[in-house]
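K.L.:
The lines below spell out each chain.
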Amino acid sequence: MDTGQSKREFRYVGTRPNRPDGVDKVTGRAQYGADMTAPGMLTGAILRSPHAHARIISIDTSAAEAIAGVRAVVTGADFVRLDDDFIRDVQENCMARETALYDGHAVAAVAATTPAIARAALAKIAVEYEPLPHVTDVDVAMKADAPVVLAGRALETVPAGMTQNVTNHCEFGHGDLEAGFAKADLVIERSFKTAATHQGYIEPHACLASVTADGKADLWCCTQGQFFVRSLCSAIMGMEASQLRVTASEIGGGFGGKTTVFIEPVALALSRKSGRPVKIVMKRDEVFRATGPTVSSSMDVRIGMTKDGRITAGEANLRYSGGAYPCGTVEMGAQAAFAAYDLEAVRTIGWNALTNRPKEAAYRAPGAPQAIYAVESVVDELCQKLGLDPLTVRLKNAARKGTLSSYGPTFNDIGLVATLEAATSHPHYTAPLGPNQGRGLSCGFWFNFGGNTCVSLNINTDGTVGVTEGNPDIGGSRASISLMAAEELGIHYENIRTIIADTSSLGYNDVTDGSRVTFSVGLATIKAARDAIGKMTARAAQYWGIDADAVKWVDGAAVPAGSNAGKFPPLSLAEIAEMSPQTGGPIAGHHEVNVDGAGVSFGVHLVDVEVDPETGFTKVLRYTVFQDAGKAVHPDYVEGQMQGGAVQGIGWALNEEYVYGEDGRLQNPSFLDYRIPVSSDLPNIETVILEIPNPGHPYGVRGVGETPIVPPLAAIANAVSRAAGVRLTELPMSPPRILKALKS
Amino acid sequence: MRSLHVSAMVNGDPVEFICDPGEPLLDVLRNRLGLTGAKEGCGTGDCGACSVTVNGRLVCSCLVLGAEVDGAEISTIEGMADNEELHPLQRAFIDGAAFQCGVCTPGILVAAKALLEKNPEPTDEEVRFWLAGNLCRCTGYDKIIAAVQVAAAEMRGA
Amino acid sequence: MVKVKLWGTLGKLADGQSEVEIEAKTFKELLDRLVEAYPGLAPYVARGVSMSLDGVIYRESWFQEIGSDSEVVLMPFMKGG
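Here the protein sequences come in this chain order: Z, U and P. Positions 93 to 836 (our numbering) are the ones given, in order, by the first sequence. Positions 558 to 715 (our numbering) are the ones given, in order, by the second sequence. Positions 177 to 257 (our numbering) are the ones given, in order, by the third sequence.
These are computed hints drawn from the structure, not numbers from a lab. Every value quoted in this text rests on a predicted model; they were computed, and no experiment measured them. One should not assume that every hint holds.
Unchecked claim - Each computed BS3-like pair below joins lysine-lysine, with the alpha-carbon atoms no more than 27 Å apart:
no.: 1; chain 1: Z; residue 1: Lys493; chain 2: P; residue 2: Lys179
no.: 2; chain 1: Z; residue 1: Lys375; chain 2: Z; residue 2: Lys365
no.: 3; chain 1: Z; residue 1: Lys235; chain 2: P; residue 2: Lys188
no.: 4; chain 1: Z; residue 1: Lys488; chain 2: Z; residue 2: Lys477
no.: 5; chain 1: Z; residue 1: Lys832; chain 2: Z; residue 2: Lys477
no.: 6; chain 1: Z; residue 1: Lys493; chain 2: P; residue 2: Lys201
no.: 7; chain 1: Z; residue 1: Lys493; chain 2: P; residue 2: Lys181
Stated by the list, open to error - Covered stretches of chain U, going by a simulated chain Z footprint (3 or more residues, C-beta under 8 Å):
no.: 8; region: 595-601
no.: 9; region: 629-639
no.: 10; region: 659-666
no.: 11; region: 690-696
no.: 12; region: 700-713
To be verified - Simulated restraints on C-beta separations:
no.: 13; chain 1: P; residue 1: Glu241; chain 2: Z; residue 2: Gly555; range: 39 to 47 Å
no.: 14; chain 1: U; residue 1: Gly602; chain 2: P; residue 2: Glu241; range: 37 to 45 Å
no.: 15; chain 1: P; residue 1: Asp208; chain 2: Z; residue 2: Glu754; range: 49 to 57 Å
no.: 16; chain 1: U; residue 1: Lys675; chain 2: Z; residue 2: Thr484; range: 44 to 52 Å
no.: 17; chain 1: Z; residue 1: Lys832; chain 2: U; residue 2: Ala710; range: 40 to 48 Å
no.: 18; chain 1: Z; residue 1: Gly161; chain 2: P; residue 2: Trp238; range: 47 to 55 Å
Note that CB positions come from ideal geometry on N, CA and C, so glycine has one too.
Given only the sequences and the hints, what does the whole structure look like? Please build it.
P.N.:
Put into structure tokens, the structure is as follows:
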């Protein structure tokens, strides 16, 4: 694929200018999902099942409808049953049909003139439930006699004879496993469990839907992908996509959890029924109970190693549950599990089983943290028992260019060895440790991808530039996009304004996920800029009366390409822009593409902890993140992804978990009891950015957003295990679990 | 129960509003006064995204009733800048890339300002413990602590 | 003819073969021929597969050209968060 010449000396890319939305965000002016209002707006509220699993016998909404101020009530019966499995699952997750599948599953909704009336109306909706047996544990769900969550949803890849809860199955790997294990001097096999966690974004889901009598609709929502929201909602509502305009608000965190819909179809349905705009904002407990946590997992890993540290075989059996609907995340985990290693014999087997829990959504690198936690823990235990240095062993077995990966492809240039070498030579690795302290490390990996992307770049007559793109900014990407436009056009960053368009203003853009924005939108921006440059050089050529190919673009201006072309002083972008009305009209460049060639991003995390043997409390003392970014367009935001992802991983490793009771209900749907890291829990997170360019991008960019959540789980588990003197195999390693392990 | 009529000062301006007896100050600010800078992250005082000061005291506005602030002086994020001129904390956060999604930022800025008014020269640890009531999920807190210290130094004239 | 590697479960649906030879010059031709030869693969391909071509992943590019000595691996459709 022709991406144009790779640039090595950058003028703007790699600097750290202020982001364009900065002032709005520090003054409270930025508008997030819940900050929008509309005249005549109603408030929507959702009634949710208190049962983990129950047949819905009847719903009587008459008393609610009779309350003054209630303008619409909807239930599952207000939604058409769809044929497509995937979209039907999304719709039924937003509003149950005949069965409530988890504690918190939506069963009805009202729209009323005030929030208080809406709440009062919910209490008047009479739902008759028939509670059914429930299952919340993935291993229990796979047993022959487990309560069946949904029947008939197993894919053709699932072997016959399993409980209907098993919906997905996959297998990857190559080589002769038993021969490989036979060569090992030590084989360790361990079982691991991880609890479901939540992305924990501080902004609850919020939307404002407005459906008019002629069937058009406007939807304002906080989302990572307004075009995907349009696709889902138009299918669910039976509308043409072109009739639904979705505008993405500023978003208060997503991390993958806002890549689908939960309340949006409900708000649209209420708006259609009432003929007025309807705003729905989730409460925090609803976010925990009824949005998309991660899978929970139960895993077995077996790895063999020679006494000089060569891994001879690796095997993993991953059992994930993505909640009450079929979920393919185990495929990503199964591929990622051994991705860091050059192995002759490797096999990962994956399963997904249904449980009465909310429907999974992505959380950074979906499926990878769990599997890599298990694999890196066993590798670390092998190093411990064989008396080998963990980094040396990683380097000895590291995947590099030409390695046949555990998931099939042969790697091109990758940055794993560079990150491992950077870790080895970093002072953190050799700093002394005190009593009850331990050091852990882990490799991590994510595929990253490209995707459908459109960018429109307009040259304003005053010489400034507007870049219109379609990907919500979750980490400062507008600044990076502007930097790449500045680099290509050769004008100052301050003269470029990047905005995010609604679905009516631009062609389709895939969701902001897959660590794709800086890579894909950046690539499309660079190409749109080159398109605009082509037009500007053509205008200059006309102005000078020479051939278009006798003009080139240098430092933000058109210049004659050689002395034969003529002696003309450079024509700056501003000058060309100013005369554009007279030379043919407004000038713009654009680019639409489904981008491929995303580069994988490897990382290594090092962490020191201290475990208090009396309380089981773990203090994180020192943390260093090493990651390959290909090319760090805006280093502040690359560091931000590394630090943010690491801290999410720290919370996942030490404290965060979904706790289910015997009754199948979520016990801790609040920030008090679902305890994410706070500033006083943490040391500074040091970052080291490596740059091994990705040949698939003009500047070498690799996505970086997801990889940082992958290494912390094992890095901390390895550090805690070494500090405590006992191997922990269940996450989170909360104080009671550590104490229990110490005692046994 | 009947609604209540309340008069107060918000960011130096006199305001009047009516509210339900059980209505949190956060809802009053956002829904009645058009001040949407304070955010509801949890509604139970666990996240700090709704932080404001009432008579100089840092509070979670989701835990204060609108009815309680009759005659009080309230400061929100919207009052932090002096018209066009940003507060040193606001500038330090922009310059130091101390936010990503920005939704926790108003609460953190209000809280940080309250800290520096009490303690103009905090240690990193003191900043971390003061801000422990403000959850951030994007940044890992590093750049936030650094930005607070940069602003503190500027405000001390250092 | 192009050698195409099929990961474990895909191979099981293709008469147990982990590597097959297919006559194809583009990604779409490859998928069409594959399903013709192994109808058991039809549901999976309909749900979506991506292709790694000499180490570069193509999510869904029908007209991506494939050389006869390229390394082609079929993978599950990429998802992220």
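K.L.:
Now, for every hint given, state plainly whether the structure supports it.
P.N.:
To see whether the hints hold, each was checked on the structure:
Distance hint between Lys493 of chain Z and Lys179 of chain P is fulfilled; the C-alpha atoms sit about 21 Å from each other, no more than 27 Å. Between Lys375 of chain Z and Lys365 of chain Z the alpha-carbon distance is near 23 Å, which keeps this suggested pair within the 27 Å criterion. This hinted pair checks out: Lys235 of chain Z and Lys188 of chain P have alpha carbons roughly 24 Å apart, not beyond 27 Å. Our distance criterion of 27 Å between C-alpha atoms is met by Lys488 of chain Z and Lys477 of chain Z, whose separation comes to about 17 Å.
At roughly 22 Å between alpha-carbon atoms, Lys832 of chain Z and Lys477 of chain Z fall within 27 Å of each other, so this suggested pair holds. Distance hint between Lys493 of chain Z and Lys201 of chain P is fulfilled; the C-alpha atoms sit about 26 Å from each other, no more than 27 Å. A threshold of 27 Å between alpha carbons decides the hint, and for Lys493 of chain Z with Lys181 of chain P the separation of about 19 Å falls inside it, so the pair holds. For a cut-off of 8 Å, the count of residues in the region 595-601 of chain U with a CB near a CB of chain Z stands at 7, and the three-residue condition holds.
Interface restraint, the region 629-639 of chain U with chain Z: holds (5 residues with C-beta to C-beta distance below 8 Å; minimum three). Only when three residues or more bring their CB closer than 8 Å to a CB of chain Z does the claim for the region 659-666 of chain U stand; here the count is 6, and the claim holds. Using a Cβ-Cβ cut-off of 8 Å, 7 residues of the region 690-696 of chain U lie near chain Z, which meets the minimum of three, so the contact claim holds. Counting residues of the region 700-713 of chain U whose beta-carbon sits less than 8 Å from any beta-carbon of chain Z gives 3, enough to reach three: the coverage restraint holds.
Evaluation of the 39 to 47 Å hint for Glu241 of chain P and Gly555 of chain Z yields a pass: the beta carbon distance comes to about 41 Å. At about 60 Å, the beta-carbon gap between Gly602 of chain U and Glu241 of chain P misses the expected band of 37 to 45 Å. Distance hint check: the CB atoms of Asp208 of chain P and Glu754 of chain Z are about 52 Å apart, consistent with the given range 49 to 57 Å. Take Lys675 of chain U and Thr484 of chain Z: their Cβ atoms lie about 50 Å apart, and the range 44 to 52 Å holds.
Checked against the hint of 40 to 48 Å, the pair Lys832 of chain Z and Ala710 of chain U passes, with Cβ atoms roughly 46 Å apart. Taking the beta carbon of each, Gly161 of chain Z and Trp238 of chain P are about 54 Å apart, inside 47 to 55 Å as hinted.
Hint violations for this structure: number 14 only, all remaining hints satisfied.
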